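The listed protein sequences correspond, in order, to chains S and B. Residue numbering for the first sequence follows the numbering used here, beginning at 1 and increasing consecutively. Residue numbering for the second sequence follows the numbering used here, beginning at 368 and increasing consecutively.
Don't read these hints as lab results, they were simulated from the structure. Keep in mind that this is a model prediction, so the values were computed, not measured. Heads up, the beta-carbon is just placed ideally off N, CA and C, and yes, glycines get one too. Mixed in with the good hints there might be a few duds.
[Said to hold, decoys possible] Which residues of chain S face chain B? A few of them, derived with a C-beta cut under 8 Å, are: (1) Thr42; (2) Gly65; (3) Glu92; (4) Ser93; (5) Val94; (6) Thr96; (7) Asp101; (8) Val106; (9) Pro107; (10) Asp109.
[As the list claims (entries may be wrong)] Anything over 10 Å on all C-beta distances counts as not near chain S; from chain B, calculated: (11) Ile416; (12) Leu473; (13) Asp475; (14) Gly478; (15) Ile520; (16) Gly533; (17) Val543; (18) Gln552.
Chain residues, written in single-letter form:
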Amino acid sequence: MRADGYQQHYVAMLAVTLMIGCGEVHRVRVIDRIERSGRFTTVDKPLPTLDSIDHVRGSVVEMFGGASIRIDSANPARDRGVNRDQLVSHPESVQTSWVKDGEVAVPTDIASLLLLSAYAHFERAAVYFSELDSIVTENSAPCFYDPHIPISDDLTVSTVDNAAYVPIADLFLIMRTEKLGDIPLALNPGVLAHEYAHRVFYYELWGAELADVEMDPLAANLLGAVDEGVADYFAARIVNDPQFTSHSLDETAAAARDLSTPRQLEVAWLDGTKPTKSGVYDPYPLGTVLAANLWHLVDAIADLDTAVLAAQRSVRIDLSTHGFTYQVGDFEIALLQHLDESTRIYACAELEYTYAAAWNRFSGVCL
Amino acid sequence: MIAPHGLAVLTALLSMVPAAAAAADLEVGVGVGASLRSNSTGVGVTPAIGLSANLGLRLCAELDLPLRLEAMFLTDTFSGGDGVAAVELKSWQGELGALAGIDLGLLDLAGGHLGVEALLGPALRITTVTIRVREEKDISTVTNIAGMGVFGIVYGRGAWRFSLRGVASAPESRLVYMLAGAGVQL
Numbered sequence: 001m002r003a004d005g006y007q008q009h010y011v012a013m014l015a016v017t018l019m020i021g022c023g024e025v026h027r028v029r030v031i032d033r034i035e036r037s038g039r040f041t042t043v044d045k046p047l048p049t050l051d052s053i054d055h056v057r058g059s060v061v062e063m064f065g066g067a068s069i070r071i072d073s074a075n076p077a078r079d080r081g082v083n084r085d086q087l088v089s090h091p092e093s094v095q096t097s098w099v100k101d102g103e104v105a106v107p108t109d110i111a112s113l114l115l116l117s118a119y120a121h122f123e124r125a126a127v128y129f130s131e132l133d134s135i136v137t138e139n140s141a142p143c144f145y146d147p148h149i150p151i152s153d154d155l156t157v158s159t160v161d162n163a164a165y166v167p168i169a170d171l172f173l174i175m176r177t178e179k180l181g182d183i184p185l186a187l188n189p190g191v192l193a194h195e196y197a198h199r200v201f202y203y204e205l206w207g208a209e210l211a212d213v214e215m216d217p218l219a220a221n222l223l224g225a226v227d228e229g230v231a232d233y234f235a236a237r238i239v240n241d242p243q244f245t246s247h248s249l250d251e252t253a254a255a256a257r258d259l260s261t262p263r264q265l266e267v268a269w270l271d272g273t274k275p276t277k278s279g280v281y282d283p284y285p286l287g288t289v290l291a292a293n294l295w296h297l298v299d300a301i302a303d304l305d306t307a308v309l310a311a312q313r314s315v316r317i318d319l320s321t322h323g324f325t326y327q328v329g330d331f332e333i334a335l336l337q338h339l340d341e342s343t344r345i346y347a348c349a350e351l352e353y354t355y356a357a358a359w360n361r362f363s364g365v366c367l
Numbered sequence: 368m369i370a371p372h373g374l375a376v377l378t379a380l381l382s383m384v385p386a387a388a389a390a391a392d393l394e395v396g397v398g399v400g401a402s403l404r405s406n407s408t409g410v411g412v413t414p415a416i417g418l419s420a421n422l423g424l425r426l427c428a429e430l431d432l433p434l435r436l437e438a439m440f441l442t443d444t445f446s447g448g449d450g451v452a453a454v455e456l457k458s459w460q461g462e463l464g465a466l467a468g469i470d471l472g473l474l475d476l477a478g479g480h481l482g483v484e485a486l487l488g489p490a491l492r493i494t495t496v497t498i499r500v501r502e503e504k505d506i507s508t509v510t511n512i513a514g515m516g517v518f519g520i521v522y523g524r525g526a527w528r529f530s531l532r533g534v535a536s537a538p539e540s541r542l543v544y545m546l547a548g549a550g551v552q553l
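The shape of chain B in the complex, shown without the other chains:
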């Protein structure tokens, strides 16, 4: 059921961008941090480096609404393989999310303002799996639609926006990202 709703939300978001851009703050940002993947054996998690890039649109300034639209791309450095020489599995996952939600300033702090953000939306997920058995490789690339959620603590000062974010998507993903990001208004 996520997918048809996701399509509708994505279409709506894209149609809003040109009109809203003129009356709001457009911002680009990047994030870096950790991705945590729970192990398939049921024991522990495997950490990796998580990366993100985002294009944000904050509607608060002109429309007096604590709303935020964002396109966010996420990936990490994970590659499987546990030292078994003859067999190796590598996977790569990237997710492009179209998110909408609140971006709420809570208090003024050191010349800026501290707030929270909570965003939800559909994401296009691309997964590539490469399985090597001895010299032979099998490569699969799969795309599907998922739901993505972001919760963050935000500090804005001037044209800059800094955030600490937790990001997760579902279904068929056991990845949680913890990212520190910085963005600047264009």
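Extracted from the complex, chain S is given alone in its bound form:
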């Protein structure tokens, strides 16, 4: 009887083990920021748009490793990623390592944790923009993790400790973390929401037709600043954190992008030649003026997100109508035109001080 008892216990224990090993995966363990406390921790998230946990492939992005990316002014890429294969060589399908803990997939190496967390953060941004009725492309964008980027003379992106969206080629890059002491960029939901917002900007403002645009370089600088500002604003909205860069960047860099700090437009920035960093135009200071102002308006204007998207579409029409010229304030004016009168009066009053350097341009919309 005793032996039978042990045997039954043994079989029952194995049966439990088998049950644990079977069943479907419904959630994935990733690293995310808890909004209420602000701390980063592990979270078991359902990822409804993820088709393959093994290859981190879904309707939002598909992850690749090992690629070599050519980024220079002579690249042959066409809009919407056409000819992307001439820009990207040797991409390898990723193959995550994970175990099933009940209905949760738990990554078992750091690269799998980074890749799956990055997908979760991209998905969150995609869902947010989908709910705003943003232009949704049917194709997911590729995201190249830890790519090799040959140094070229006109390369303006950092090849380590960085994340980027490359319009025209319609692809994301997540570079290797080397010096960052805190949360890696792939694990920072605000950073990846920022990159996803660049993709929305490419589709909304440029209509995904940028390759053949011939534009004054200074005007392009100013629109680059708008792109960065709108991306920072949406990133802060999506993760409800105006200091999202502070979790990954050093204190000085993060303070310069802190949207909770009021910012003012400087006269020297109006012509698109300044500010500069390491000899090239730096779009972030002007972009942060826009982002911080939008952030300060958000509590008072319920449909501000919709107006920001509508402003992108209006600027697209203006650009194609007026020969691709752009001046500081064009985007903000388009935004104000999409607000109802009472809200516009409020927004004008808020912007008058921070945009004093170019306020004469607002006279048509802010009487």
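Use these hints to put chain B onto chain S, whose structure you have.
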């Protein structure tokens, strides 16, 4: 489908041990070598030190059958983490396999005999994953049933048995072990 079959095979193997032990060579052994884990980024492999311990039962001597039963425990020294200070992931995996297969002597060599072995069977796999984010740790321990396969070249001399083995298990594992082992008859 592996799991129910695995249970049946394991039960059968365990029931055979007491009866077979009296008529066969019981042997204990250890192995050391490399484990190769293909990287999740799709590029390259990460090597580590692989370790094994095994309890083997060779039926050939008394029953004139080239059969071998073996219980084998495998683990390696792998721990993830790529220098990101705020986030660290460590994992440990151990597998206890109950294997059966052939152990075939092919030719006499230098006072011993050279042969091959091929074993298959179920394995109980235990995986522990520790994810640290800043000061906070999350620990998961998961058990599941896998299939394990061993192919080796064997040299036996007297009470000693030396082997060079390749070991792999599936599913949900991208580990391949290459082990050099030595065993002695009890």
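Hints, verified against the model:
1. Thr42: 4 Å, holds
2. Gly65: With a minimum Cβ separation of about 3 Å from chain B (threshold 8 Å), the hint on Gly65 of chain S holds.
3. Glu92: 3 Å, holds
4. Ser93: Holds, about 5 Å.
5. Val94: Check passed: Cβ of Val94 of chain S comes within 5 Å of chain B, closer than 8 Å.
6. Thr96: 5 Å, holds
7. Asp101: 5 Å, holds
8. Val106: 5 Å, holds
9. Pro107: Cβ of Pro107 of chain S sits 7 Å from chain B, so the hint holds.
10. Asp109: With a minimum Cβ separation of about 4 Å from chain B (threshold 8 Å), the hint on Asp109 of chain S holds.
11. Ile416: 17 Å, holds
12. Leu473: The assertion about Leu473 of chain B holds, with a minimum of 37 Å to chain S.
13. Asp475: 42 Å, holds
14. Gly478: 43 Å, holds
15. Ile520: At roughly 29 Å from the nearest Cβ of chain S, Ile520 of chain B sits farther out than 10 Å, so the non-interface label holds.
16. Gly533: 20 Å, holds
17. Val543: Nearest chain S Cβ is 13 Å from Val543 of chain B, so the label holds.
18. Gln552: 29 Å, holds
The structure agrees with every numbered hint stated previously.
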